[in-house]
Amino acid sequence: MRALLVLYLVKYLLLPGHAEHVIGLATLKSGMEAAFGPLDAQPFASQIYGLYTALVYLTPIFGGLLADRVLGQRRTVLIGAALMALGHFMMAFEPLLLFALLTLILANGAFKPNISTQVGELYAPQDPRRDRAFSVFYVGINIGAFFSPLVCGTLGEALGWHYGFAAAGVGMLIGLLVYMRGLRELPPDELQRARAAHREHDPLSREDWQAIAALLVLFLPNTLFWATYEQQGNTIALWADKFTDRGIDLLFWRTEIPVTWFQAFNPFMIFAFTPVIVGLWGWQARRGTEPASAAKMAIGCFGVALANLLMAFAAIHAGEAGKASWLWLFCYFVIITVGELYLSPVGLSLVSKVAPARALSLMMGVWLATSFLGNLMAGWLGSYWSSMEKPVFFAMIAGVAALAGLAIAPMSRPLRKILRH
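Residue numbers are given in numbering that gives the first Met the number 0: position 341 of the sequence shown equals residue 340, and the series is strictly consecutive.
Derived from the structure by calculation, the hints contain no laboratory data.
Keep in mind the model is a prediction, meaning the values are calculated, not measured.
For every residue, glycine included, the Cβ atom is placed at its ideal position computed from N, Cα and C.
Incorrect hints may appear among the rest.
[Stated by the list, open to error] What follows is a set of in silico ranges between Cβ atoms, one per label pair, in the way DEER data are often shown: (1) 169 <-> 139: 14 to 20 Å; (2) 27 <-> 316: 36 to 42 Å; (3) 278 <-> 139: 17 to 23 Å; (4) 174 <-> 23: 25 to 31 Å.
Make the full structure from the sequences, and use the hints.
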């Protein structure tokens, strides 16, 4: 979706002759214009992207509650994966756009929190390898995120958008089969263990509530991080399309990098850089200098701020020519990827370590809901893309990310004390 959705809307579906056939689209636009004023194609596409990606991270709260109280993690993941495949196949049919997005929103709610909690349950509560394990898990996610723009993006741009979305459905079916094959390797669901011990209705203790409070303290700055990070699939995609010289000279042959391929830079760098970052943390741990989880997350926010400041310089450098080299974007993705590795997997690991076992999937869903608010804000920030000078826009995004880092940094010491208990 990051590779395809905004470009699909701006270049195809929101054009006259197509938009009229999408069920419910006119009603959605009227509602958004009542809230935000008149919307041309690009701001409307950014708002749809922001709303979709936001809701994708709100529904995990309900998916976590469903797993903790009714179905368990395994069954909920199976339902989510099946719905996700169905939603991508529905995207191949223009009139069903909004229904397809709704299906994908519900699917991710069931899938995302429960697949993450199962990683944490592979380790004992005090196992120090957990941060590094989630980084390895994150590599798996991003191998898929690397290939999806290359496969789905290329099919979408070269053969037709519908082929790109259908290919994503096929990929999800393969993932579902792999998960089913590996079920026997996973530990029992926490719901099954709680029922076996007759403690599924035990109230949360004072220590449990302290752990929950420690996570909620980080909620707002984490939201600001995602509001800036998620510009990659929104305004950064538009920058790559209109303001980037994508040409590469190879001896006597010149070619252009497809726009959607830029969305593969970040996931590729994630699995390239993760061994280095994990090795660094291991080396620091042996020396007793490994940063606390909150300190790592603050570093991640400052990384996103630096990446956007770099893009502000790229926009200034483009000047009268109107286009900047693709190498600016390459450097942007290098910096923002390091920032992501210091925040996102560390946050998932933090939740799995400190959240009460009886509410683990729910708290994972609540943590992921920071991306709900962050993506809503990302869509709102992205709507200013057309009306602002590009250096000013990137400086604004950098300022929001830096504010998140400044909010997290002072929390490291008090959080360490709470988490120790």
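Let me make sure I understand: some of the numbered hints might not hold for this structure. Which ones are they, in numerical order? As far as the earlier hints go, not one is violated by this structure.
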